[in-house]
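Peer 1: Take a look at the letters that make up each chain.
There are 2 protein chains.
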Amino acid sequence: MDFKEIIINNSKKAYEMYVPHISVDTVIFGFNGDQLKVLLLKMKFNQQWFLPGGYMKKEENLESAAIRILRERTQLDKIFLQEFAVFSELNRSEETFKDFPDDLWHKKRFISVGYYALVNHKDVSPIGDELSESCDWIYLDELENQNITMDHKKIIEKALNTLREQISYKPIGLNLLPEKFTLPELQKLYEAILGRTLNRGNFYRKIKNIGILKKLDEQRKGGAHKAPDLYTFDLENYFKILENGITNW
Amino acid sequence: MDFKEIIINNSKKAYEMYVPHISVDTVIFGFNGDQLKVLLLKMKFNQQWFLPGGYMKKEENLESAAIRILRERTQLDKIFLQEFAVFSELNRSEETFKDFPDDLWHKKRFISVGYYALVNHKDVSPIGDELSESCDWIYLDELENQNITMDHKKIIEKALNTLREQISYKPIGLNLLPEKFTLPELQKLYEAILGRTLNRGNFYRKIKNIGILKKLDEQRKGGAHKAPDLYTFDLENYFKILENGITNW
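Line by line, the protein sequences are chains A and B.
Quick note on numbering: our numbering labels position 16 of the first sequence as 16, and the sequence is numbered without any gaps.
Quick note on numbering: our numbering labels position 69 of the second sequence as 69, and the sequence is numbered without any gaps.
Please keep in mind that the hints were generated in silico from the structure rather than gathered at the bench.
Watch out, some of these pointers could steer you wrong.
The list treats identical chains as one, so a pair stands whether inside a single copy or across any two.
As the list claims (entries may be wrong) - Cross-link-like lysine to aspartate or glutamate pairs, in silico, EDC-like; alpha carbons within 20 Å at most:
id	residue 1	residue 2
1	K37	E185
2	K108	E16
3	K58	D102
4	K58	E95
5	K58	E89
Looking at chain A on its own, in the form it has when it is part of the complex (with noise of 0.2 Å):
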């Protein structure tokens, strides 16, 4: 089957298994140690990048319709997904689809949930699937040289903004940074975040107040300077956190 007949067969199943209207969308990070990157998929019929993304099987949640797709495309499981936003605009997917017959599933308006999810770039293994021709990170600051599908630039940063709102009340690095780090490295992950560089002193006093940091008794050896303290997360404390916030007030 070329890539329209298979559309157009998954189409037809669509309509048993998935509730209409509603879709996911993932944005799943990764970072390098110095930039954040983003899966994609790039699709045969238009050579377009897309975010992960699917339906909601009618006897899934969201969340679970979630998991499902990232694990489909990245084999992990138990990774921590944060919905963070709807995009409902009208006309969202229609005019990517119009080559086909009208009553093609995805070609029907649908209301997309985004979903975010922080993983360790080294345990991914990126699978695409029937339709695309590959599935790659992609570098935050390569995605306005990309063709981007539909609204997927905007749902990228949405869930950008979203995360730099977050790293204001919640601990973040667990499945982005190696079990042992710097302060440095850890620096490095926030700055990239947040698109600007942060004053050292400022971030390591208030990174330590938190209390979600373990140092241990190890340096980081081989570079040029004095070896740097090796950190971990307190899980403990990290996961207490998570759940209440910082406090600021």
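Please arrange chain B on chain A, whose structure you already have, making use of the hints.
Peer 2: Same frame as chain A, but now just chain B:
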């Protein structure tokens, strides 16, 4: 017509007007200077309290549907509505309409998108609809004793939780307080949202540091104590910081 006929009649119109499976619920918070309250409707047909809610017209997006629903219940326009979560569990609403025919619109599965709004309760004259016998403010600490429909108590809790998180990085108070207010009055609002008392010195220092307050050359007269200074919001800064967030890092 009795309410059962009205519901069945509405169901027919709904199939023509709205996108199936998608609904909107709004959590409208008010503040009386001491406690937070929320706007609820009491339904004639089962005597349960409901959040103001409705469906999305085929030509609307979710935000315009939420604004329309809010206007219908409160006559308020130009209110800032914030989407905060989606509720997609199975069997959310089916039980509520168990005595109705199976093809009833309201009995279908609905994925509901929650919006919250903060309003000045003095500006609002709550208006019920043809199915409700009243539309009233209920104080948060009275919710426990009320018969609240479906998952609407969970929706209110989630909205309140989001509000608690958002006051870590967004200014708040513009629609909840009178134009001129004292610092003790502003602190009361934060305490009502957080559900705990705050240290006065810390609160004053932090709230002044954000840069959204303008001290007026007036005092609140009439109390037994020294007349406290009146403040107002510096609207330019308020909206700038609402847009960019309070810098924590």
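Peer 1: Hints first: check each against the structure and report whether it holds.
Peer 2: Comparing the hints with the structure gives:
1. K37 with E185: within (16 Å within a copy, 45 Å between copies)
2. K108 with E16: both (15 Å within a copy, 16 Å between copies)
3. K58 with D102: This pair counts as between: shortest inter-copy Cα distance 17 Å, intra-copy 23 Å.
4. K58 with E95: Close across copies (17 Å), not inside one copy (26 Å); limit 20 Å.
5. K58 with E89: between (23 Å within a copy, 11 Å between copies)
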